[in-house]
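Q: As a plain string of letters, each chain reads:
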Amino acid sequence: MSAVSNSPVIERGTSASRISAIAVVVIIALLAVAPHFLSAGAVDRMTALFIYVILAAMWNALAGFGGLVSVGQQVFFGLGAYFAIRLADAGLNPFASLFVSAIIVGAISWPMSLFMLRLKNGEFAIGMWVIAALTHLLVNLDRLVQGETGTSLISLNVYDAGARRATIYWLALASMTALLAILFGLLRGSTGAAIRAIRDNEDAAASVGVRVTGTKRLLFVLAAFGIGIAGALWLATSITFQPKTYFNVQWTAYMIFMVLVGGIGTFEGAILGALLFFLIETWFGGTGVWYLIGLGATAVLFSLFLPRGLWGTLEERFGLRLLPVGYRVRLPANATDGDTASTLQQATTQREKA
Amino acid sequence: MSNQIVQGILLGGYYALIACGLSFMFSVMRIINLAHGSLAVFSAYALWWLASQFHISPFVGLLIVLPLMAAIGWALQRFLLERSARGGALLPILTTFGLAIVIDNALFEQFGADTRSLAPYIGSLSYDSWEWPGSINVGKLAVIMFAAAVILLGGLQLFLTRTRLGRSIRATSEDPDTAGLVGVDARRANALAAAIAMVTVGLAGAFLGMRATFDPYTGAPQLLFAFEAAVIGGAGSLWGTLIGGIVLALAQTLGAQIHPQGFLIGGHVAFLIVLFIRLSTSGLGLRGLLRLPARKAS
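Going line by line, the protein sequences match chains L and B. Just so we're aligned, residue 1 is where the first sequence starts under UniProt numbering, counting upward by one. Just so we're aligned, residue 1 is where the second sequence starts under UniProt numbering, counting upward by one.
Be aware that one or more of the hints could be misleading.
For the chain B half of the interface with chain L, some residues (derived, Cβ under 8 Å), not all of them [stated by the list, open to error]:
| hint | residue |
| --- | --- |
| 1 | 32 |
| 2 | 34 |
| 3 | 50 |
| 4 | 95 |
| 5 | 97 |
| 6 | 98 |
| 7 | 109 |
| 8 | 257 |
| 9 | 258 |
Straight-line distance between alpha carbons at most 20 Å, and here's what the computed EDC-like set of lysine to aspartate or glutamate pairs gives [claimed, not checked]:
| hint | chain 1 | residue 1 | chain 2 | residue 2 |
| --- | --- | --- | --- | --- |
| 10 | L | 244 | B | 215 |
| 11 | B | 140 | B | 128 |
| 12 | L | 120 | B | 174 |
Derived, one-sided and incomplete: chain L residues facing chain B with beta-carbon distance under 7 Å [stated by the list, open to error]:
| hint | residue |
| --- | --- |
| 13 | 69 |
| 14 | 71 |
| 15 | 121 |
| 16 | 253 |
Quick caveat, the hints were computed from the structure, so don't treat them as lab data. Yeah, the Cβ is synthetic: ideal placement off N, Cα and C, and Gly gets one too.
So here's chain B without its partners, still in its complex pose (with noise of 0.2 Å):
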């Protein structure tokens, strides 16, 4: 049993890397990206594509789909997110569920629906492990995968407290105009958050590949899992994300060990559990838990 509750708390750590771009772009643009998971399964068929047809190992691949993942998250901001969001809440949901429609199918046009794995290209990392006390093997690519989350976040959060970038992003997310006022580039902030956050999902992309299978349409459960995992967690710092994708993981282990297909069932479970207690006690959800304030609509 500690076996599997020290898998599911590795597992966590991937479900913190999908997540926290998520609840990044959220806590800057206010905006939840529907495209999110079908722009994860991209990056993670860039990775495949190059290891296959060039032999490029997906590690250095990364280097090359990071920054072109960030020249992505630039343009959907500046083409897409900027212009819908001026035409309320709503219409950002549409474009961006859109844009994920056109994202999967192109993907499937383009490469079948067979599934595909990273795991052929990077060794035996894909199934190396370590025994730990008490017979506990653990693989090193969710050794690796969690540690990545972890220097993530904490990157994440040393850059927006640390630095000037970093501080005009905050700036813009608490209040665009006042921003505007003492010299923040807004459009460029926001431009900026959501060239990160693509990185971000670039990243989950890559060891989604590595640690499982993926097809066109993985996007959408990605996608929940995510929200998910933002939901549970969010408490206002984004290490609140690692603890929501490992209560996530764990509610997942639970689940598969009481029913044989409750793997998914019992994350779903758990993330309606939090959310209603969260209703309940406060009355608030995702926007609250970010403790950031409502963009009043104008």
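Here chain L stands alone, though its shape is the one from the complex (with noise of 0.2 Å):
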């Protein structure tokens, strides 16, 4: 047996991989020209959707590969609306002045990562969720915003109705496939090797050089701006804003909820967990308070039962991995010297989490 096929391999991807890397181009192509055959309603929808997968994704960047639980991140959704609207309002394209919204949100996020960011666990969760509501309250003051009367974006009003459902539809999943490729490429890169290393142990991480806090803030202000694009994206589709709804608590418990179930630090499981959010919602959500009591009880169990959510599980036990973005070391399996079981279970036990 030569001394090649004995070493072990690091492999970047499966061959189930480099299917779904073609499935994934050919979907986003599908859902580009879907407009064209899908009726009003179903393009709202979608766009719902979209902005979905952003929030579960980037509350999964934060928390699943950051170790930062924020219930803060209306927030950042809040602002991403509000921005929209006060630079609208000073005369930039309303579809310009979306993502200029989020630059400033991103922008934003960090000088208040400067100081949040030297909290831990429980008082990083709950910190943001007091700037959330003092943010809130100060956006309240704004007599654009009129309180919580609240404001809309007029300037949208100006497009056909057909032509603008279209426009956000395209700008949702073009803003959703940039931050997936982005957070992607950040996973799969050196950085993402700091990221998943600070995941696992922070303080471990930081002995080997990694550079936990830049590492973090990075992912702190990546998810600020993922969710200021989507908050001003929700603005375009439902043109209100009213305070209260933007910077809702709930926002966050849909985030926790999706990542939760989806497979939390797993980059597919944000995804699925949107996906299935969505699927819920569509069904239940006319239950009202129900549907609301339900949420909170699934997570509830996901994370006493299921803590690796549902991706996180079909992962562990089938070796599952559609999009990698790790590195998984594979010791040949046909080594003859006697330990091969022993071999072989290490080879299961290095399995690469992510």
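Take the two lone chains and join them into the complex the hints point to.
A: Take a look at the structure:
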């Protein structure tokens, strides 16, 4: 037996992942032409789905990969919408203002991170909630917003309803694709190794020279930017801006639900969670308060009994990886030197979690 | 102005009441219970239900509700927190947040969106007041609330330092494994601590209902008040909570003086300023303030 076949192989993809890469391209292409075939209502729903995927992926980036659980992410959602309103009011094209707004949100999150990232676990979680509550109150003071009465993105009304709907759909699809691609690239690149090292053990990561704070800050700002886009896009679809709706902690509850059910700390899990949330909302959203009780209860049950979520569990059981961001060391299974069993065992234990 | 300061200090008693359970649970179990405020509102609803359905005065109702809250705390620790704490420091945040959503919406389902108050069931106490020198009117309820906070904090302090059970809780909070070696049942100590914390939450809920109105979604702001007071005051002893509550209330009073909508803003800003000073001087948040060593990651 040659030495080459006996040495461990570092695997960055599987045949399934290569097929799924092609599938992703096909799906995006199909989604891009879909508005020509879908009804107006369906286009709106799909836009909502894209926004959910953004929210789930961004919250997962922060909590699942950065180890930063925030219950105040609605602050970025609300600010994304608020700055879009402000910029449009100042005369900027409404579609452009959606993205400029997200950049402003990202820029604001930078100094915020200097301060907030020094808090740990629960303190960070609830500290972010305080920030969200304070920001909500401050936005209410803006005369343009008129307190809880709110205002609307009137300048969008100059566009024809059909064209507007399709444009927002494409913007949402493009934002989702771009944000997922950025996150995927980040996780698969050298930063990704640092991110997963921090997720698994922050102190150990720091001891081998991982820039813990810098990496966390990157995720914090990315999440703020992404959720800012989501908030601005939500404003574009619903036109009206009521601070209470946008700065509602419910948005974070949705993010937590999607990521917990889908699989915290897995790239595919957040997308799966968003899809499931979308379906549950479509079927049960009409039941109002019971629907919310169900969401909360499901989140509790998953955190207690299936903390890795659906995707995390599937991945663990079947070694299934469609969009692999990590490294997996595979030892040759045909080793004949007596300790095949232990080698195999090692191969399983060394399986990369992400 | 001195009138407002007195009112602010007395309101601080309420914040200390709601905060002491949160900071107590955090110092023992290292868990920030995000359902804290919702459980206080639950207690207020339980008292309201007893009062409106069976004409039981809220003060008598406490005899029923506080044991119930203790049982809830015990069950919460045994069935939810204990299990989720094993999954790391982040899972309990998610578990208790999910629980808060369930409680809030279940209350909404049961009692609707109307705001309620316990004030109609406590007779003239809700508006009676004493006149203090300098034409300062202080509400009797506010004084009772402040006194309750002082008694509760003092009682907890005595319980933790003078009794066997209290010492076992402190030992568990310092180091559960070593406490186990000397015969302290850590699970029991934690469940007991959760039960005690929930009794304080029940009491805070009662005063919330008596001094103001509440609705099913009042829990979230109460959680924020509790957290802010605990962090502002968190000087290691339970008395810090009282100071934190008073500072928070005074900042809100000051905020309301500056701007009609400044009440809540004042409190949040004061919290952030204190946090900023603490973080830039010691680099430590709540954990350092409670002067308890961080539990080693295992």
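Q: So, residue 109 of chain B near chain L? Judge it on the closest CB pair being under 8 Å.
A: 5 Å, holds
Q: Using Cβ atoms only, decide whether residue 253 of chain L comes closer than 7 Å to chain B, and label the hint accordingly.
A: This hint holds: residue 253 of chain L lies near chain B, its Cβ roughly 6 Å from the closest one there, short of 7 Å.
Q: For the hint on residue 69 of chain L, does the least C-beta distance to chain B fall short of 7 Å?
A: 5 Å, holds
Q: Would the hint on residue 71 of chain L be counted as holding, given a Cβ-Cβ threshold of 7 Å to chain B?
A: Residue 71 of chain L check passes; min Cβ-Cβ to chain B is 6 Å, inside 7 Å.
Q: Against chain L, run the beta carbon of residue 95 of chain B and see if the smallest gap drops under 8 Å.
A: 4 Å, holds
Q: Against chain L, with CB atoms and a cut of 8 Å, does the hint on residue 32 of chain B hold up?
A: 3 Å, holds
Q: Hey, does the residue 50 of chain B contact hint survive, CB to chain L under 8 Å?
A: 23 Å, violated
Q: How about residue 257 of chain B: closest beta carbon in chain L under 8 Å, or not?
A: Violated. Min distance 16 Å.
Q: Does residue 121 of chain L pass the interface hint, meaning its C-beta sits closer than 7 Å to a C-beta of chain B?
A: 5 Å, holds
Q: Taking 20 Å as the top limit, are the C-alpha atoms of residue 140 of chain B and residue 128 of chain B close enough?
A: 6 Å, holds
Q: Checking hints one by one. Is residue 98 of chain B an interface residue toward chain L, by the C-beta closer than 8 Å rule?
A: At about 3 Å, which falls below the 8 Å cut-off, the nearest Cβ of chain L leaves the hint on residue 98 of chain B intact, so it holds.
Q: Given residue 258 of chain B as an interface hint, is its Cβ closer than 8 Å to any Cβ of chain L?
A: 12 Å, violated
In summary, the numbered hints that this structure violates are 3, 8 and 9.
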